[in-house]
Amino acid sequence: MSADSPAAKALNCPKCGAPLTVRSFDHAVTIVCGSCGSILDAKDPALKILQEFEAKTRAVEPLIPLGTRGTMPDGPYEVIGLQQRTITVEGADYSWHEYLLFNPFKGFRYLTQYDGHWNDARPLRSLPAAVLGTRQRVSLDGVTYKHFQTAEARTTFVLGEFPWEVRVGEIALVSDYVAPPRLLSREATGNEATWSIGEYIPGRIVWEAFGLPGQPPRPVGVYANQPSPFRSLATTWRSFAVMAAVGLVLMIGMALSSLNAKVFERTYTFDARPQQAEREPSFVTDVFELKGHTSNVELTTRASVDNSWLVVNYALINQDTGQAYDFGREVSWYHGRDEDGDWSEGSSQDVAIIPSVPPGRYYLRVEPDTAPDRGAVRYNILVKRDVPRFLFYGVALLALAIPPAVATWRSLKFEHARWAEGGGAAPDIGSAA
Amino acid sequence: MIGRLYLAYGLLVLGLMGVAQYRGWSFDSVSQRKDVPRSVRDNPGSYRSAYGASRRYTGGK
Numbered sequence: 001m002s003a004d005s006p007a008a009k010a011l012n013c014p015k016c017g018a019p020l021t022v023r024s025f026d027h028a029v030t031i032v033c034g035s036c037g038s039i040l041d042a043k044d045p046a047l048k049i050l051q052e053f054e055a056k057t058r059a060v061e062p063l064i065p066l067g068t069r070g071t072m073p074d075g076p077y078e079v080i081g082l083q084q085r086t087i088t089v090e091g092a093d094y095s096w097h098e099y100l101l102f103n104p105f106k107g108f109r110y111l112t113q114y115d116g117h118w119n120d121a122r123p124l125r126s127l128p129a130a131v132l133g134t135r136q137r138v139s140l141d142g143v144t145y146k147h148f149q150t151a152e153a154r155t156t157f158v159l160g161e162f163p164w165e166v167r168v169g170e171i172a173l174v175s176d177y178v179a180p181p182r183l184l185s186r187e188a189t190g191n192e193a194t195w196s197i198g199e200y201i202p203g204r205i206v207w208e209a210f211g212l213p214g215q216p217p218r219p220v221g222v223y224a225n226q227p228s229p230f231r232s233l234a235t236t237w238r239s240f241a242v243m244a245a246v247g248l249v250l251m252i253g254m255a256l257s258s259l260n261a262k263v264f265e266r267t268y269t270f271d272a273r274p275q276q277a278e279r280e281p282s283f284v285t286d287v288f289e290l291k292g293h294t295s296n297v298e299l300t301t302r303a304s305v306d307n308s309w310l311v312v313n314y315a316l317i318n319q320d321t322g323q324a325y326d327f328g329r330e331v332s333w334y335h336g337r338d339e340d341g342d343w344s345e346g347s348s349q350d351v352a353i354i355p356s357v358p359p360g361r362y363y364l365r366v367e368p369d370t371a372p373d374r375g376a377v378r379y380n381i382l383v384k385r386d387v388p389r390f391l392f393y394g395v396a397l398l399a400l401a402i403p404p405a406v407a408t409w410r411s412l413k414f415e416h417a418r419w420a421e422g423g424g425a426a427p428d429i430g431s432a433a
Numbered sequence: 001m002i003g004r005l006y007l008a009y010g011l012l013v014l015g016l017m018g019v020a021q022y023r024g025w026s027f028d029s030v031s032q033r034k035d036v037p038r039s040v041r042d043n044p045g046s047y048r049s050a051y052g053a054s055r056r057y058t059g060g061k
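In the order they appear, the protein sequences are chains A and B.
Heads up, the first sequence is in our numbering, so the first residue is 1 and it goes up one at a time.
Heads up, the second sequence is in our numbering, so the first residue is 1 and it goes up one at a time.
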């Protein structure tokens, strides 16, 4: 407020004689003595005592001292009153504080605080509309608010001055509707209902606005209209979709430009029966050339296995450098019928990928083995160079999905914590709005 | 901020995917050894395969 703001009026409490300061001038309807807690009629020149309240036994220390001036988004305000309100749910009391702020030119607004969560609230000029067919939603200025909680709130502490007749013990039916970061509150007493709209603000903003010392209380849990830190979830999933599409295009482009060339193919027969057992089973293939840049080699083994197996120990050996890639593969296929019907296990084909093989002249050293009682096994070896592998795209897709998936899970957890605090039947606002 | 971090992470993942495809990476297990003698072509049984402890293992030749 500017230096030429109207000055506060000084009075004395008729009960204890303590000085009273009236900051909202003619707007004040009730004044609460900060010393004895008496609730006084501000409209009565003699300050008639309306209610005597045991303030000392229920004293609440305001986080923002009365008389503190601060800068709200639409101008300077002074804290002139504090009201503590309490709801009881399943035998447990939950209390929040409502700070009444006043600017002689702008009027009143409130700062509410519960467990370190703050809301900047002001009375509503227009009424929200009931959404047809449900009590769970109301609409205001094109925004739909979802019913969060309805409970009886009683005033359990007051301090300062108020533009209405405040009483400790006063009860109102309070209904909250949320569309984070906004919250609509409806307070009904008798046939009268008033609405206010609040917006969630971090405690540090309040501290900065009022120049308060130290740090604001740390928020506990998730508040009804607390904005989710995962609001950009849809954007993250859209980014995922874009990157998945870019990855697919990249993968298809690389697949089309890869050699995918057959460099060797040959069919062999292996017989492990006793009369053949003395023969050396291992042999080497002809030399073949692997062209292009360092890339993979795909080796496919197809075998005439039928309820039998073939194991082949391979070595892909560079003819010139002596570099060898050693690996063993098994081809086995078993099938039959039992009480559950037909069954099958394995396959007559196996594919191995040898990673990052430099170009050069290579041959294969092949060492087959099979069961000695199964007769001759025919098998085919096919070698291909620089084969595209869409497996990498699948792995990339999974890796890309991890951050949005984790964020989605955390968002669901956040919303679950929010709605776990809600409850109560939504009122019929059609008649009493 | 989170969007930028995710974009950087996504570009890293796609870059790795491209490198993996280009260089021919694989999850298959392969043992590498160096200096295999040229004589293996004439005497394949002399090669000691890392996977060769089979029934038909014939020992040194």
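Some hints here could point you the wrong way.
Claimed, not checked - Not the full set, but computed from the structure, chain B residues with beta-carbon under 8 Å of chain A: (1) 24; (2) 36; (3) 37; (4) 45.
As the list claims (entries may be wrong) - Pairs of lysine-lysine residues, derived as DSS-like cross-links and limited to a Cα-Cα distance of at most 27 Å, are as follows: (5) B:34 <-> A:262; (6) A:413 <-> A:146; (7) A:384 <-> A:262; (8) A:106 <-> A:43; (9) A:291 <-> B:34; (10) A:48 <-> A:15; (11) A:43 <-> A:15; (12) A:413 <-> A:384; (13) B:34 <-> A:15.
As the list claims (entries may be wrong) - Where chain A lies over chain B, by a calculated footprint (3+ residues, C-beta under 8 Å): (14) 3-10; (15) 15-22; (16) 26-35.
What the hints contain is simulated information worked out from the structure, not anything from laboratory work.
Every residue, glycine too, gets a C-beta built ideally from N, C-alpha and C.
How the hints compare with the structure:
A distance limit of 8 Å between C-beta atoms decides the matter here; for residue 24 of chain B the minimum to chain A is near 3 Å, and the interface restraint holds. A hinted interface residue such as residue 36 of chain B counts as satisfied when its beta carbon comes closer than 8 Å to some beta carbon of chain A; here the least separation is about 4 Å, so the hint holds. A cut of 8 Å between beta carbons decides the hint on residue 37 of chain B: the least distance to chain A is about 7 Å, and the hint holds. Taking 8 Å as the C-beta contact cut-off toward chain A, the hint placing residue 45 of chain B at the interface holds, the least distance being around 5 Å.
Between residue 34 of chain B and residue 262 of chain A, the direct Cα distance comes to roughly 26 Å. Compliance with the 27 Å bound is thereby established for this hinted pair. With a C-alpha separation of about 18 Å, the suggested pairing of residue 413 of chain A with residue 146 of chain A holds against the 27 Å cut-off. Distance check on the hinted pair: residue 384 of chain A and residue 262 of chain A sit about 4 Å apart at the alpha-carbon level, within 27 Å; holds. At most 27 Å may separate the alpha-carbon atoms for a hinted pair to count; residue 106 of chain A and residue 43 of chain A meet this at roughly 21 Å.
Distance check on the hinted pair: residue 291 of chain A and residue 34 of chain B sit about 20 Å apart at the alpha-carbon level, within 27 Å; holds. A hinted pair counts as satisfied when its Cα atoms are at most 27 Å apart, and residue 48 of chain A with residue 15 of chain A qualifies at roughly 9 Å. A distance of roughly 17 Å separates the Cα atoms of residue 43 of chain A and residue 15 of chain A; the hinted pair therefore holds under the 27 Å criterion. Taking the CA atoms of residue 413 of chain A and residue 384 of chain A, the gap is near 49 Å; set against the 27 Å cutoff, the hint is violated.
For the hint linking residue 34 of chain B to residue 15 of chain A, the alpha-carbon distance of about 101 Å lies beyond 27 Å, and the restraint is violated. Look at the region 3-10 of chain B against chain A: 5 of its residues bring a Cβ nearer than 8 Å to a Cβ of that chain, three or more, so the hint holds. Figure legend: the region 15-22 of chain B, annotated as covered by chain A; annotation consistent (6 residues with Cβ-Cβ distances under 8 Å, at least 3 required). Coverage of the region 26-35 of chain B by chain A holds [criterion: at least 3 residues with CB-CB distance below 8 Å; count 10].
Consistency note: the structure conflicts with the earlier hints numbered 12, 13.
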